[in-house]
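Asks: These protein sequence lines map, in sequence, to chains A and B.
Residues are numbered in my numbering as their position in the first sequence, beginning at 1, plus a constant of 910.
Residues are numbered in my numbering as their position in the second sequence, beginning at 1, plus a constant of 589.
Some hints here could point you the wrong way.
[Said to hold, decoys possible] Pairs of lysine-lysine residues, derived as DSS-like cross-links and limited to a Cα-Cα distance of at most 30 Å, are as follows: (1) A:K1133 x B:K882; (2) B:K778 x A:K926; (3) B:K602 x B:K867; (4) B:K907 x B:K602; (5) B:K602 x A:K1156; (6) B:K605 x B:K782; (7) A:K912 x A:K960; (8) B:K867 x B:K904; (9) B:K772 x A:K1073; (10) A:K1000 x B:K676; (11) A:K962 x B:K772; (12) A:K1125 x B:K676; (13) B:K867 x B:K605; (14) B:K782 x A:K1156; (15) A:K1071 x B:K676; (16) A:K1156 x B:K604; (17) A:K1108 x A:K1014; (18) A:K1073 x B:K602; (19) A:K1156 x B:K882; (20) B:K602 x B:K799; (21) A:K1137 x B:K867; (22) A:K1014 x A:K1000; (23) A:K1000 x A:K1108.
To be clear, the hints were calculated from the coordinates, so they are not data collected in a lab.
None of these values were measured; they are calculated from a predicted model.
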Amino acid sequence: MKILVCISNVPDTTSKINFTEDDTKFDTNGVQFVINPNDEFGLTRAMWFKEKQGATVHVVTVGDASVEPTIRKALAIGADEGIRINAEPKDGFFVGRQLAEIVKNGGYDLVIAGRESIDYNGGMVPGIISSLLDMNFVNTCVGLEIDGNVATAVREIDGGKEKIATSLPLVIGAQKGLVEESDLRIPNMRGIMMARKKALNVVDAVDSPIPTADKKFERPAAKGPVKLVDAGNIGELISLLHNEAKAL
Amino acid sequence: MSVLVYTETESGKFKKNAFEVASYAKNVADQMGASVTAIAVNAENAEELGTYGVSKVLNVSNDQLSSFNARAYASAIAQAAEAEGSKVVILSSSADSKYLGGILAAKLNAGYVPNVVAPPESTAPFVVKRTAFSNKGFAHTEIDAEIKMVGVSNNAFGMVENATSANSEAFTPNIGDADFGVKSVEVDKVVGKATIADADIVVSAGRGLKGPENWGMVEELADVLGAATACSKPVSDLGWRPHGEHVGQTGKPVASNLYIAIGISGAIQHLAGVSASKTKVVINNDPEAPFFKAADYGIVGDAFEVVPELIEKLKDFKAQNA
Ligand SMILES: Cc1cc2nc3c(=O)[nH]c(=O)nc-3n(C[C@H](O)[C@H](O)[C@H](O)COP(=O)(O)OP(=O)(O)OC[C@H]3O[C@@H](n4cnc5c(N)ncnc54)[C@H](O)[C@@H]3O)c2cc1C
Ligand SMILES: Nc1ncnc2c1ncn2[C@@H]1O[C@H](COP(=O)(O)O)[C@@H](O)[C@H]1O
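For reference, chain A alone in the conformation it holds in the complex (with noise of 0.2 Å):
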């Protein structure tokens, strides 16, 4: 079984979000970026299927060549060998299109992507390489197992699950749940060794229109004060609910 994991190169969770030349840009000054968290579920359940099924792991990231150390950490996690697709992330169609054609190509049975990035928060890309090569797609995985071409996935609903029979080659989008938070991976002294000696391919863009452009940016308007309330006076918070904010 051949799995290619998408993987999103993002501004680490704890970071401040600015921006910058008249907030048309996102400033990454002193931004630390790391595998996009619902990646790195999916490159974690990724590497179960290469160690109990045999399975080769590739990467690939649509990115210029500040994305590479991201890139290296997932070999250093353990996939076999990763691919830059030398390009500016810059909308959920584009990378689609980028990433169905390293799919295509590289004639992956299993296509694992995160359900969605947390800084374009598109939501879209995995759905889209699933419509643009007609194969399977299962969005919100927490659950997949493999047995020769028949998948058998679990997917989030609002308030439960639901279990779904399909089949290679398919595409899923992962998140929490898909592995235990207890089984991610910090990459080791000698992983970190081992991925320098991988291969890193790096391969051009194919035409693909844009089809979206972030103009400008802009941050969330400050928030005022907190209104307290005193404990022993739980009554007015029920008022203040009921007629300022009218949320009850």
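Chain B with the ligands: place on chain A using the hints.
Replies: Relative to chain A, chain B with the ligands alone:
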């Protein structure tokens, strides 16, 4: 030209977000001098959408579609957009709509912008405001494609009445076997309880509650309010509550009308995922807890005293306002 809106149903009845996205579609259509056509699957009372400005409903009745299937539904919506010549397609931000959104965007070659919080700032060029960076920022995004797809955030636009008479027509899309490559085998779902995605009110609790045995009062508070229950990440990691209740940047997003946080410190990853809620209340015994900086109302106090009393007072309030 019509603006096409996908209005979701659950067992034949429209979900609340269906009326929200219909209201949003009407706003867009008015800006563009167009009308609103809705597509719905197995809707029992399609005419209801008229209240929110929809003038035509393409109602798909097909037993194969009685349970949600992203690819088949996307296929139906794409065919409706084609039949209607729609250049703008509106979706909600529900898990189902997000599931089918990418598939549909690829089918229509559309520019798709999800998490949109306001009506288009202009329609030529077509520019919308969306959340980005997990609610830590907003982007003003231009869609430059023949077909534009907008995913409207929950509770961002609201329901706006705009009485029109809606004409319902049967619509029979061509759906093939390939669309059913993903089959639902079994659904395990709590019924009759508000879900985090749909609830007006979400009651959420954190590690301050000390252990799973103390969740009775959280559930009771949620019951009194008709609210969904949620929790912070460590609470689900510790197995005190199911993963599906974990909210925040790496859990479910919350965009409710009212969010009540009990014994939650307000870490940046937690706040990122819940800050889209309109009114936030925090109950915490540490006045320095960061959540107080992000909340609208707060009580500094011990949850084990405050919550039971809040439940009693809310019962009185509900009895008086029934
Ligand atoms: C990559 C990453 C992603 C993350 N994603 C998320 C996420 O999506 N969602 C999320 O929630 N967290 C997330 N976290 C974890 C986050 O950083 C915090 O650790 C977590 O939110 C803390 O949970 P808590 O508030 O329940 O616990 P704590 O921080 O331990 O806070 C407990 C609070 O309860 C209060 N308290 C104690 N006793 C009482 C009492 N008797 N009455 C009232 N109050 C009391 C305390 O004052 C304290 O403020 C993430 C972390 C990382 C590194
Ligand atoms: N630049 C990128 N390179 C590789 N994969 C990506 C990139 N952007 C997004 N993805 C994948 O698509 C998923 C969803 O991203 P998004 O649609 O941006 O929310 C991510 O979790 C990744 O798996």
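Asks: Now look at each hint and say whether the structure bears it out.
Replies: Evaluation of the provided hints:
1. Simply put, A:K1133 and B:K882 have alpha-carbon atoms about 8 Å apart, close enough for the 30 Å limit, and the pair holds.
2. With a C-alpha separation of about 37 Å, the suggested pair B:K778 and A:K926 falls outside the 30 Å cut-off, and the hint is violated.
3. Straight-line distance between C-alpha atoms of B:K602 and B:K867 comes to about 26 Å, which keeps the hinted pair within the 30 Å bound.
4. Using a Cα cut-off of 30 Å, the hinted pair B:K907 and B:K602 holds, with the two alpha carbons roughly 27 Å apart.
5. Among the hinted pairs, B:K602 with A:K1156 is consistent with the structure: their alpha-carbon atoms are about 27 Å apart, no more than 30 Å.
6. Of the supplied pair hints, the one linking B:K605 and B:K782 holds, its CA atoms being roughly 15 Å apart against a limit of 30 Å.
7. Under the criterion of a C-alpha separation no larger than 30 Å, the hint pairing A:K912 with A:K960 is consistent with the structure, at around 9 Å.
8. The straight-line distance between the Cα atoms of B:K867 and B:K904 is roughly 23 Å, inside the 30 Å bound, and the hint therefore holds.
9. Between the alpha carbons of B:K772 and A:K1073 the distance comes to roughly 8 Å, so the proposed pair stays at or under 30 Å and holds.
10. The straight-line distance between the Cα atoms of A:K1000 and B:K676 is roughly 22 Å, inside the 30 Å bound, and the hint therefore holds.
11. For the hint pairing A:K962 with B:K772, the CA-to-CA distance comes to about 26 Å; that is within 30 Å, so the pair holds.
12. Of the pairs offered as hints, the one joining A:K1125 and B:K676 holds, with about 21 Å between alpha carbons and a cut-off of 30 Å not exceeded.
13. Taken as a hint, the B:K867 and B:K605 pair is honoured in the structure, with Cα atoms around 17 Å apart against an allowance of 30 Å.
14. For the proposed pair B:K782 and A:K1156, the alpha carbon gap of about 23 Å is at most 30 Å, so the pair holds.
15. Between A:K1071 and B:K676 the CA atoms are separated by roughly 35 Å; this puts the pair beyond 30 Å, and the hint is violated.
16. For the suggested pair A:K1156 and B:K604, the alpha carbons sit about 22 Å apart, so the restraint of at most 30 Å is met.
17. Proximity of A:K1108 to A:K1014 is assessed by CA-CA distance (about 22 Å); at most 30 Å being required, the pair is judged to hold.
18. With a CA separation close to 24 Å, the supplied pair A:K1073 and B:K602 stays within the 30 Å bound.
19. Taking the CA atoms of A:K1156 and B:K882, the gap is near 21 Å; set against the 30 Å cutoff, the hint holds.
20. A threshold of 30 Å between alpha carbons decides the hint, and for B:K602 with B:K799 the separation of about 40 Å lies outside it, so the pair is violated.
21. A distance of roughly 15 Å separates the Cα atoms of A:K1137 and B:K867; the hinted pair therefore holds under the 30 Å criterion.
22. Restraint check: the Cα-Cα separation between A:K1014 and A:K1000 comes to about 21 Å, which is no more than 30 Å; the hinted pair holds.
23. A C-alpha spacing of about 28 Å is found between A:K1000 and A:K1108, which places the hinted pair at or below 30 Å, so the restraint holds.
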